[in-house]
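Given only the sequences and the hints, what does the whole structure look like? Please build it.
Below, each chain spelled out in residue letters.
Number of protein chains: 2
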Amino acid sequence: MFEERTAIKVSEAIKRVMQFCKKGEIEYINIDDAEGRYLGKAVVADHNIPSFDRTPLDGFAVISEDTASASPENPVRLEVIETVGAGNLAKREVKAGQAVRVMTGTMMPEECDAIAMFELTNEIEEDGKTWIELKRPFKKGDFVSFEGEETKKGDVLLEAGTKIHAGVIAVLATFGYSEVPVVKKPVIGIYATGTELLEVDEELVPGKIRNSNAYMIKTQVHQAGAEAVYYGQLADDFDQCYDAVKNTLDKVDALITTGGVSVGDFDYLPEIYQKLGANVLFNKIAMRPGSVTTVAEKDGKLLFGLSGNPSACFVGFELYTRPWVKTFLHSDKPFTEWVKGTLTEDFPKPNPFTRFIRSKISFEGGKITASPVGMDKSQVVTSLAHSDALVAVPGGTRGYKAGDEVDILLLFREGTKDPFKDPEKLRVKKSNDDA
Amino acid sequence: MFEERTAIKVSEAIKRVMQFCKKGEIEYINIDDAEGRYLGKAVVADHNIPSFDRTPLDGFAVISEDTASASPENPVRLEVIETVGAGNLAKREVKAGQAVRVMTGTMMPEECDAIAMFELTNEIEEDGKTWIELKRPFKKGDFVSFEGEETKKGDVLLEAGTKIHAGVIAVLATFGYSEVPVVKKPVIGIYATGTELLEVDEELVPGKIRNSNAYMIKTQVHQAGAEAVYYGQLADDFDQCYDAVKNTLDKVDALITTGGVSVGDFDYLPEIYQKLGANVLFNKIAMRPGSVTTVAEKDGKLLFGLSGNPSACFVGFELYTRPWVKTFLHSDKPFTEWVKGTLTEDFPKPNPFTRFIRSKISFEGGKITASPVGMDKSQVVTSLAHSDALVAVPGGTRGYKAGDEVDILLLFREGTKDPFKDPEKLRVKKSNDDA
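Chains as they are written, first to last, in numbering that gives the first Met the number 0: chain A, 0 to 434; chain B, 0 to 434.
Worth double-checking, as some hints may not be accurate.
Claimed, not checked - Negatives, chain B to chain A, calculated, CB over 12 angstroms:
| id | residue |
| --- | --- |
| 1 | T5 |
| 2 | I7 |
| 3 | R15 |
| 4 | E64 |
| 5 | A69 |
| 6 | P180 |
| 7 | H221 |
| 8 | L275 |
| 9 | V279 |
| 10 | P393 |
What the hints assert, rightly or not - Short derived list, chain B residues pointing at chain A, Cβ under 8 angstroms:
| id | residue |
| --- | --- |
| 11 | I30 |
| 12 | V43 |
| 13 | S68 |
| 14 | S177 |
| 15 | V199 |
| 16 | L203 |
| 17 | Q232 |
| 18 | N246 |
| 19 | V262 |
| 20 | V338 |
| 21 | K339 |
| 22 | G340 |
| 23 | T343 |
Rather than coming from a laboratory, the hints here were simulated on the basis of the structure. Bear in mind the structure is a predicted one, so any value in this text is a computation, not a measurement. All C-beta atoms in this analysis are idealised placements derived from N, C-alpha and C, irrespective of residue type, glycine included.
Shown next as structure tokens:
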């Protein structure tokens, strides 16, 4: 019964999954619903910003020639003929010796070519008229915001695949995208398998545990930008599982199952993939946790067979499912960002395979550090709740010390172009390490 | 007309806002709706994890005493009397010389006290029975996961104020939280003021711009964890604005307005606060952008008067509104996390006040670096879309060089306990700097 499987590297497993990526279709949705979605098309400026010459502050629009001789000793006096607020247009023609009081954002009166801000003027009421005195000259263009100085018509402002957050929404609104072209979310079906699983509202009974993977994966699917459809729990029964998987495949863009991928007597997913005629991309990876993560392909759709162990399930999604989702969403940076950083404490466990350690990062003195969470067993169940990174240490090593440089996968960042590369053993440590 | 205002420090402004923080009430919602919400109560383990002794791998449950003499030369043979999968219980009593085939997650048969994994056993069919051969002894407890070894009943697993993400959901499901105690979201009303504002679906006309602040702020409100109610645009008309603000205050927990807080003729918010009898906490801050950010308090509710300039509006929300929201959500880390990092390029602008520069961070060789975005004017409008951090440089400085150490506010992180402190000028630079 015990089946031999060939473990492949993490980077090879990622590569095999990425061969079955596709890009989602585009749909138009209201800007009010666009938050958190991904742009389906690049956003190109269809007009200049500003779209007209305007004042960037409260002051007076003047004709610069009028101010040429102004000095503290010989101030120039101009008649204020009108006050214009942002959104309104000057109604009167401005002649030599005249000025217009204008508020921030107001379009420049046609005849004016400079702005004298409030702080540089004295206002005087005389002869039933309002005057300003200027004690310095202003040059043509002084303090004016010119049409197109921020953005020119035709500029590419945002690339397809950009996640729509607050700053992106501001750009979309500025350019009149009341309807936004976004990528349709991929629909990811989820089954949790295991006779030991109780629903979250069921009382504990001996031998059983509550199903936490389904809720966790649903949230990971959402956070990656996809739609999750949870189809429920399945007992370890071949026929039930086979029918469920078979009948769900045509309703989803990809299917995640949790559990049932190891070599136990009731781990039916391998047999199910076989009966379906699916192409198994891999069924063992040289990594911990999650070595039994299995991915298969049927008619171009991926079946992600994640481990039933919560941490392995979590890591499997982040490494293999997430980049598939991001590519579907037109991102060219689909991979979890990984950086170099420093371990804050010893990690004495030997690492027969590449190990992903649930960790929390911090920034001290300009450097990135990572602290493993759940080092003592009492925190295993909550370690995922406190992690925002995975420290990756190479296989074939005996342990790591505080201060060692390690690879860190940042779970909260949008992504990177480069897929994770399995770390190599540090040469300097080799003498202490396993073969 | 020109009004003198007294600028206060950023840290002082934050302090004044925080005096009017309150904590939101708790409501119970279905775990399916809990993603992105904030825990209203600490989560305490109400049972041990595991809740029973179990096998963490596929193998055979044995009585350790039976294996004491096992060696490669003299293997011990045990009769396999039953196979049990996870979620099921052993049905037969295990006697000396017997073993049970058990799958990962299965509860230990009562009489057994060690696990021999598949890889360490030979299976033999003989006399119509199934036997295993063990070539090594197993000690009491070998490879068993014991009740409570991950988490003990009574352990505090998650603090109130924790944002509910995938790992947190897993803990909630494990402990049977089908209904989750979360903090009711604060309701934040939004008005965009300005006669120059067009709706996002309106055609551009001279002198007008599309309203982008409302959409941006709505998204920032959501991202902070609050509910946004957008009440629409208001022209620069005192009575209209006054009525709108007055009539909205009792429907919301806080009210944001954008625009109308400077010293222009049609900047009515200061007068509105006065007529309302509101207590103005500050109306000028020694910062750029956003120096005119004004916050007032009326009957314990805050009125955030953010600037109409998009970047200033953005920064004002992040610095002053966000920590108020986070505190409402019971977080004890309400402030945007700020860290030391290195500037990647020159920032030659003089900084009369503390300046917040829209920036993008990256991690190179274990260090945090920040690159200002929108340095050239052509990117002003999109700089917010490309920023994930604000670099803060102290007032009274003439500019910064690539390689200088600066404070960086990380916009994408959950928060920190310490409010932002206005940076001091670097002593080494003082000779070159303005007073």
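Hints and how they fare:
Look at T5 (chain B): its CB is around 16 angstroms from the nearest CB on chain A, clear of 12 angstroms, so calling it non-interface holds up. For I7 (chain B), the condition that its CB be more than 12 angstroms from all CB atoms of chain A holds, with the nearest at approximately 20 angstroms. Look at R15 (chain B): its CB is around 25 angstroms from the nearest CB on chain A, clear of 12 angstroms, so calling it non-interface holds up. Interface exclusion of E64 (chain B) from chain A stands, the closest Cβ pair being 24 angstroms apart, more than 12 angstroms.
A69 (chain B), annotated as away from the interface, keeps every beta carbon of chain A farther than 12 angstroms; the closest lies near 19 angstroms. Its beta-carbon lying about 15 angstroms from the closest one in chain A, P180 (chain B) satisfies the requirement of being farther than 12 angstroms from that chain. Taking the minimum C-beta to C-beta distance to chain A, about 6 angstroms, the non-interface status of H221 (chain B) is violated against the 12 angstroms cut. No Cβ of chain A comes within 12 angstroms of the Cβ of L275 (chain B); the nearest lies about 22 angstroms off, and the non-interface call holds.
In this structure V279 (chain B) is separated from chain A by more than 12 angstroms, as the shortest Cβ-Cβ distance comes to about 20 angstroms. Its beta-carbon lying about 17 angstroms from the closest one in chain A, P393 (chain B) satisfies the requirement of being farther than 12 angstroms from that chain. For I30 (chain B), the shortest C-beta to C-beta distance to chain A is roughly 6 angstroms, which falls under 8 angstroms, so the interface hint holds. A least Cβ separation of about 11 angstroms between V43 (chain B) and chain A goes past the 8 angstroms threshold, and the interface hint is therefore violated.
The beta carbon of S68 (chain B) comes no nearer than 25 angstroms to any beta carbon in chain A, farther than 8 angstroms, and the hint placing it at the interface is violated. The restraint placing S177 (chain B) at the interface with chain A holds, with a minimum CB-CB distance near 4 angstroms, inside the 8 angstroms limit. A cut of 8 angstroms between beta carbons decides the hint on V199 (chain B): the least distance to chain A is about 5 angstroms, and the hint holds. The interface hint given for L203 (chain B) holds, since its Cβ lies 6 angstroms from the closest Cβ of chain A, which is under the 8 angstroms cut-off.
The interface hint given for Q232 (chain B) is violated, since its Cβ lies 10 angstroms from the closest Cβ of chain A, which is over the 8 angstroms cut-off. Contact between N246 (chain B) and chain A, as hinted, is not supported at the beta carbon level, the nearest pair being about 23 angstroms apart and thus beyond 8 angstroms. Nearest Cβ of chain A to the Cβ of V262 (chain B): about 6 angstroms, under the 8 angstroms cut. The hint holds. Because the beta carbon of V338 (chain B) sits about 4 angstroms from the nearest beta carbon in chain A, less than 8 angstroms, this interface hint is met.
The beta carbon of K339 (chain B) comes within 5 angstroms of a beta carbon in chain A, closer than 8 angstroms, and the hint placing it at the interface holds. This hint holds: G340 (chain B) has a C-beta 5 angstroms from the nearest C-beta of chain A, less than the 8 angstroms allowed. Because the closest C-beta pair between T343 (chain B) and chain A is about 13 angstroms apart, greater than 8 angstroms, the hint is violated.
Going down the numbered hints, you'll see the structure goes against 7, 12, 13, 17, 18 and 23, while the others check out.
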